[in-house]
Each structure stands twice: as structure tokens, then as C-alpha cells.
Amino acid sequence: MTDSPLSPEVTSAPLGRVVATERKPNTPHEFHFWTALDSPVGIGTIVRVEGALPVNGQIPTIYGIVVEGFSYTDLQTPIHDMLGHDGTPGGASFGATERAEIRLYTAAVLRQLPEEPLQPVPMGRVFLADNDDVAVALRMDSYLRDGANTGIPIGVYRAGGTDAPIYVDADFLIGPEAAHLNITGVSGLATKTSAIEWILSSIFTHFPAQKGSVAAVCFNVKGPDLCFLDQPGPVDEADAALYEKCGVPVKPFEHVQYFAPYKADGYSLNTLRSNDALLHNVSSLTWGLREVLQYAEVLLNKDDVDAKADALIDFIRERIVDRDFSDPLLGNKRYLVRSFADLEQWFRDVLSGLEGKNSDGWRTHHVATIRKVRNRLSNISTRCAGLVTDDGAVSDLPFGSFQDRTVYVIDVASLEEDAQDLIFARVVTRLREHLEKRDLGVNHVVVFVDELNKYAPNDGPETYVRKMLLDLAERGRYLGLVLFSAQQFRSQVHRRVVGNSGTALYGRMDADELATPGYAVLSPAVKIKLATLEKGQLMVRHPHFTQPIFVRFPRPAVMRGRDGAERYPQAVDIDLEAAVVRSLRTLDPTITLGWVQQAVGIREEDEIVRARNATMRERPADVRKFFLSQLRPLVAAQTVARPTTAAVRSAPADDPYGF
Amino acid sequence: MSAVSLTPPASPHASFSSVARALAGLLPNSQSVDSGLALELTTANTQPARLISAAVIEGRALRARRVFEAPVVGFAAFLDGTQQSFVACHLPGGVPIVYGTVGAVIRDRRNQRLFTWRHAVEHRLYAPRANVSSAVWRSLTEIGVAVHDTSEAEASETASEHPHALREAAVHRVQKDRELAEQSLALEWCSREERPLFMDGGISGSERVARAACAIGVIKSHRTLYASGDALVAVLGLGYAERSSVFLVTSPKRASVASWYLRIRDPRGQDPMWGLVRLEVAPPGAGGDGDVGRRADEVSRWILAEVAPVALPDGRWDKMVYGVRDCEEFLRAVM
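As you go down the protein sequences, you meet chains A and B in turn. According to this note's numbering, the first sequence is numbered sequentially starting from 1. According to this note's numbering, the second sequence is numbered sequentially starting from 1001.
Certain hints may be false.
Sample of chain B residues facing chain A (criterion: CB under 8 Å; computed from the structure) [unchecked claim]: (1) Ala-1135; (2) Trp-1137; (3) Ala-1308.
To be clear about the criterion: a stretch of chain A counts as covered by chain B if any three or more of its residues have a C-beta under 8 Å from a C-beta of chain B, and this derived list gives those stretches [stated by the list, open to error]: (4) 81 to 89; (5) 97 to 103.
The set of hints was computed from the structure by calculation and includes no laboratory data. Ideal placement from N, C-alpha and C gives every residue a C-beta, glycine not left out.
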């Protein structure tokens, strides 16, 4: 990091002088300086000021970042210029002399050395910051020490010829000192998703070994954004240079696992990554009654879950599901409820029993409450069809065996909002539970959630998901559970969620958003720069940086969602046998459609799906044998002998009436 | 050479304070002065307004002549000087000790922008030696700043011991020092350069400068008009881009120069002096062009090219070119 591309002449020559007037004085946190007209200084440039007089025996050095710029001439009013050229703009270009002009900049102080006593910035010469200056100015020197390096490159600071990698502190990005990252910016520039992909690559490359292992769980909430993280994408020369500068290899993620529920048909994966060529690391995500009932609160709104309904749901959860249950009302019939189908049968019997006895209550639960809970719970399997199975089959993330430097993508883009909420709530809760018990398989998990203003809005009703996000933002860092979130409008996200994000990134911003109070601390020039940021540029706020810094980051070395969707088109909807072939081929490529058709024969669709799911869950060595074992044997066809009937007795030969 | 800047700083130069403190220490009987106003602002211009007939050297009579060709950029640099003087203290009897600062600069024009070619700033004390004791004079010389005797001035100027008269004598001496500073820079330019130099004020103060083909003096104040009778009517009636015939300005104490009037802004609805400048160049045969008419047209075109950008907000903007304002701004910053 000591390499500087600048020639010694450029870095050693002052580019400006600090100035201060009574009307515009310098303070300990802000100073002003002027430069030559052709100086390479702009908004976001980091500069170094060398004082002239020693303080406590040390010449003060001040680092600052340019936050505002002014340019003016000695004109007192514009009308003087107009008068001088008789109102003809064309004539102005022939002026013999250009007016005296100044470039005056305001810089916010990043750091003062010595740090005590903290004094107003003195008059002095201003230099362009080189790489070492940038490290000191941003206090990166405190966490880039040999043997205790916790720096994670987040981009490259580029200004006036300086090309310095910017590191954030892993202790403040992943925890435990601070944690979480939030990115905001307008949609359509692919900045937010690209930045997250780049930062994950950087984390996987540079996360310090002494801090343990790290994995990422990404929720793909729209389109094919995260569907091709394991496929290489084009990286141009300029971006390759950024990769090299940051020490991150130019390659896609090596270990990615995809999870997606089925469609309502129960056998086609509900994801844009359903192309046959990419199914090797795609698993289904299906949950049964028990998994869903734990998070019924997510799917039932406040009106549904009153105290009475809540009590009945608790009763079902504690006493019915997975328990051997009998009751005199039910004629002492034994129940083992393991699926929505079992539960529906149980409800039906309870209500029949009540009707038979002409009773309006059972075990303190009113019949109306029972009907309401039955209605709501039964609806879940319909509303979350494809995710929630009637038969109780479970296919889940590998909680307990998470792998280091692996990305787990859960594609919820095509799901209903309820199903998205359910997945989100359950996955994050399970992650937290496992991290608390230290048995997840990794020490740290980064959870990426896009469209945060939808899941944790600033206003609106209190939802389970929002409560969970708040909990994650406020307490996750102690567990190693880190939230990387993104949204278009930061002002519309619950402020405790974004406020707890130690690191904040800003892409190009909408002017309306910048006009909200949350951005009042930024100077007008910085706001304008934010409103016009190029693709690939970010403003970074980090606990170690006293002021926001502008950086460039490279395009992720993965295939863009749009490109992937074109190259690997989504599989067309197919019949059940073809779906089974497609699934089983990921385990055994020799399986053919003919074999499957012969194997399933005339069996019911539910049975075939159950066998396929069981095979995919078990991933057996002998796929054919296991699949067949899951199918109920068919009774062999028997040849039925033609019944012999007694021959009609023929008329006696001597029958006098015979014909 | 040039007029005094009308907008000096409101308070004296910082070094004035240290000089005033030193004087108070060395001259315990002196009385310090709090006034921050420059003497140039409080001293009336005593030069009388007058008309002088001059010998016309272009044609037979002084008349208006149109500058037909378009303005063209000709000047390479601009020279101007300023002065500031303040009473540092009064000795018993009201004798003022004046602290004066003079400065001059040449601003070189490169690629339409002005850069400092050379500049000079000098600080001095001004006191009438004839009106102070030897001990006091010795004390003044111990301050560390050059001391100029204002009683060396002309007898008429020192005749009175009136404090105001003594103060005016000091101001005049400061003015002379400023002219010397300007002349020094002009001489250096003329010895090193051949490119045209725009000098704010006349060029006749120095024989060598007055004979240099590169020096062009531009006078904005017209306390003395070199025309009378019909010639005066012609001069004051000049229209935009019209000049007078060239005449010769001679003086026993100054070098002779060729001169003419030029109207650089449309005077309609304005004062007769509006936009009127007088130019001085080397006379024919003394370094100047033999064809004074052609030379006057050429230089007039150069001057007319300098009307933009305007020198506003300076009150003399109708006659002042931007290069001169730039010189004044520079000196204001460094003095």
C-alpha cells in the first residue's frame, strides 16, 4: 500500500494554500484552500496540509477531504460583465484578458496529527494525498498492521492521479465491534447488487483467518439478479486493474448453493435458475407443518391471531403436531398429525364431533375459534404452495453443516409476499439459533436482503419480519450474524435498522431522496456528486472514516442476471415424468425418461412427487434403487380364469316337443 | 505616474503597528494616532485644473480623427503602482511622522491571463528633518525602516510649519517614491523586453522610458488639458473610437513625448471626460515612429481592444482598463 503511481514531483509540489478570513474562518473540523486553475482537485479529493509552526514541538499535519468548491472572478455583479461586452456573449470570447479567477475549496478534516491539542487548521501548504497519506487520513493504519491486518478492500480511491485501495475494518464490518452494511441508490444501475457481490468476493478473499469462517445467505428477491453467481462474467481491463489493486482474484464465486421452492404443481422449481445445465447445485426448499407452525405468526395478521386463536395454535403446536393424540370427542381415535393433510383431517373430525354433540366448545376453545384457525392454517398450504408441503416433506438449508466461503442463495423472487416473509423469518431465525449454539458450521454469516424498505419500512404496521430485522441489526453482531441490506430509499427504512449499519454505501441517489433530513450533513456539492455518480462509484461511510469517501469498485466477475437469463433460459414447464427425470439426473445422469415412465407406471402424482423428493433429500448412491423403493409396490396383474358356466342341458333326444 | 488607489484597505498595513509601537517606545513625548484612514483619502489634490496649448505634430491643427481599423490586442503587459501613507505619531508641535508604503508591479499577459513579471513594495518613514531635533531624527533612523526627509521638497511645499502642510509634503514625497518605483520597473522592462507595455500614467518621468518604443503611457486624469479654444472643443467632442491629432507634450523637468486623446467609450449622455484618455509614446526621432499618425492609430487600436473586460467595480472604469485594475488588486493583496 505504499506504492504510489504519482511521480515524486507531483506529490511533493504543493497544489494549494490554506486561506481563512474573518467571514470564512478555519475550524478544527473544516478549512479552506485555493489552488491553481488547472489543479486536479475535485469534490472528494483527499489532501494533506502541512502547518508552518510547530505545536508542542511537532509540525501539525492535517488531512482533509474536499466537500465544497467555489469558483469566482473579481466581478462584483454579472451585469458588469454583460455591460463590458455590450450584451453580446459572442464578443466576450474576444476579450484580451481573462478575468482573475479563483478556485476555492472547502475541506472537511479527516484527521489531525498530533490529535491533541485539537486546534483550528493553521495556514499552510496543501498537498495531494498519496497512498500513505490516504491510509493515515482514514485511520486505516490502525487495522492494516502486519500480523493484525483486518482490512477488507472495498474499492479504490482515485483522485488527481492517486490510486489507493480503501479498506474497511473486518471488526467493524462483520463484527464484533460494529457490523452490518447498508447500501442505497437508485434502481436500474445494478450498483447495489454489483457492490454487494464485489464486497462478498472481497470478504471471502481477505477475511482474516484468525477471525474464523464466513458464509453468506442471499435472498434473491427480484429477477435473476443473484441466479448466476457461480458463472463467470466479462471484466474489462480497467476493472481488472481494480481487482489487482485490491488483491481480489477475478473469478466468480467457487462455492454457491441455490435453494428454491417448487411451483404450485409441486415438482417444477420456482426459480429462473432452472436450466438443466445449472441444476447441479440447485436444491428444493420445502417445509412441512411443523416448520411452518413455528412461524405461523409471520403468516397470520394481528386480526387473525387474537388471544383465543393464539391459544389454540399453541395447543396444536404443543399437543397435536407430532404427538400421539386422542380425545373422547373424537371417539378415542388415535391421531399422529405430521402434515397439513393430517391436520385438516383432525380439524374435520373435531368439528364433526362438536356438531354431533351439539356443543359450541371443546377444551375451552370455542367452535368459532376452531373454525377460524382451521381456515387460516389450511390456507397456508394454499398461499405458500410449492414451499409448504401437505405431506410434511422437508428440504432445507444445510443448517449445521454450512461451509466456509460459500454463498447460499435462496430464490424467492417468484413467490408470494407471504411465502417470502415465511422463508425470510424462518431462515434468519434458524441461523441465529445455530449461531447461538455455535453449531452452524461457520462462525459468521452475512445475510443479504434487498428491497429493505419493503421488509423494514419506516412506517406501517409492526410485522414479524421487521421485528426480526431490528433484532438482527441490534444484536446480530454479537453472534456473527451480519445484515447486508440494500434499498432504493434509505429514508423509508426503519432508522434503527440503517442506524445500526456500521458501514453505509451510497450509489447514485435520487434528488428527492437527497432532500430528506437524513442527508442534511452532506454539503451541497457532495449531494450533487451523489446525484451524478457514475456506475461503479460509491460513497462510503465507515466508523473509522470521519467523513464519507468516494471509491470505485470493479464490476463483479460473475455473470449478470440478465445475461444469465439469456444464456441459460428458464426451463419450460414440463410434465411430472420429465420433472422427475430432470431432478434425478442431477444425481444420476444415466436416468432416462423411459426408465422413469416405466418406474412410475400408473401411480398417483402425489406418490411420485413424494418419491422424487425423498430421493433428492437422501441423495443416495443408487438413485434408481432408492427411487423405486419409495414407490409402493404394485400388485402384480393376475390372469383371471374365465368362469365356466354349466352348459345348458340339451333337450332329450326323445323330447316330443323338441325342434 | 498613476492616480492613487481610491479603495485602500480600511486599516494600515500590519507592519505599521510594529513601527508605531517602536516609535512610541523611542519617542515617549510623541502622541500616537488612532486614525486608520490613509492620508491619500484625507489630503486634497492641490493641483489646479488648467489648459495648456501644445504643438500639433500631426497635421496643422488639432482635430478629431476616426480610428477606422478594428481593435487589435497589442499590449503584452501592464504596469501600475499604488501608495498608502498613515500618520504614525505626532511630535510635540504637531509634526507628523508618516509611515508610507509604495508598490509597483508589471503584470505580464500570457494566454489571456495575467501573471506577475516583477513587483516591488517599499516601506519608509517620512519626517521633516528641519522640524525635528537631531536626537529625534537619530531615533527615527533606529527603527529599522528607511527615513526620508520631507523638508527636501520644494521650498513652497515646506514653507509652512502647519501640521497639515507637513503632512501634505510627506504625502507628496510618498507619491514621488511611488513614481520612482514605477519608473524602476518600467526601465527594467524596457531594457529587457521589446513587447509593448501599458503604463498607467505618463511616461515622461524618465528620459529612457520616454524614448522607449515599447512604453505606452495612458493618462486617465485630466487636471491639465493640452488643448484650448477650437482644439478643446474638438477634444471634448471626440466620439467613440475617435482620437485627436498627435501633439507634443514638453516640460522643463520632464521628457518630451508625443501625445493624443482617445475616446474609448461612447460619451453620449455622459460627462465630457467620459471614456477620454490621453496617450503618451516616444516622440518621432527620439525612439518613436516617424509617422506619428500611423503610430497613433496602431496604439489606439490596442487601447480600444482593452475596453473589455470592464474594470468595474472601480469608479474609474470608463477610462481604466482591466489590466490596470488587476495590477491594483495585486498590489492591494501584497502591500
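Going down the list of hints, with the structure as the test:
1. Ala-1135: violated (39 Å)
2. Trp-1137: violated (38 Å)
3. Ala-1308: holds (5 Å)
4. 81 to 89: holds (count 4)
5. 97 to 103: Holds, because 4 residues of the segment 97 to 103 of chain A bring their Cβ atoms closer than 8 Å to Cβ atoms of chain B.
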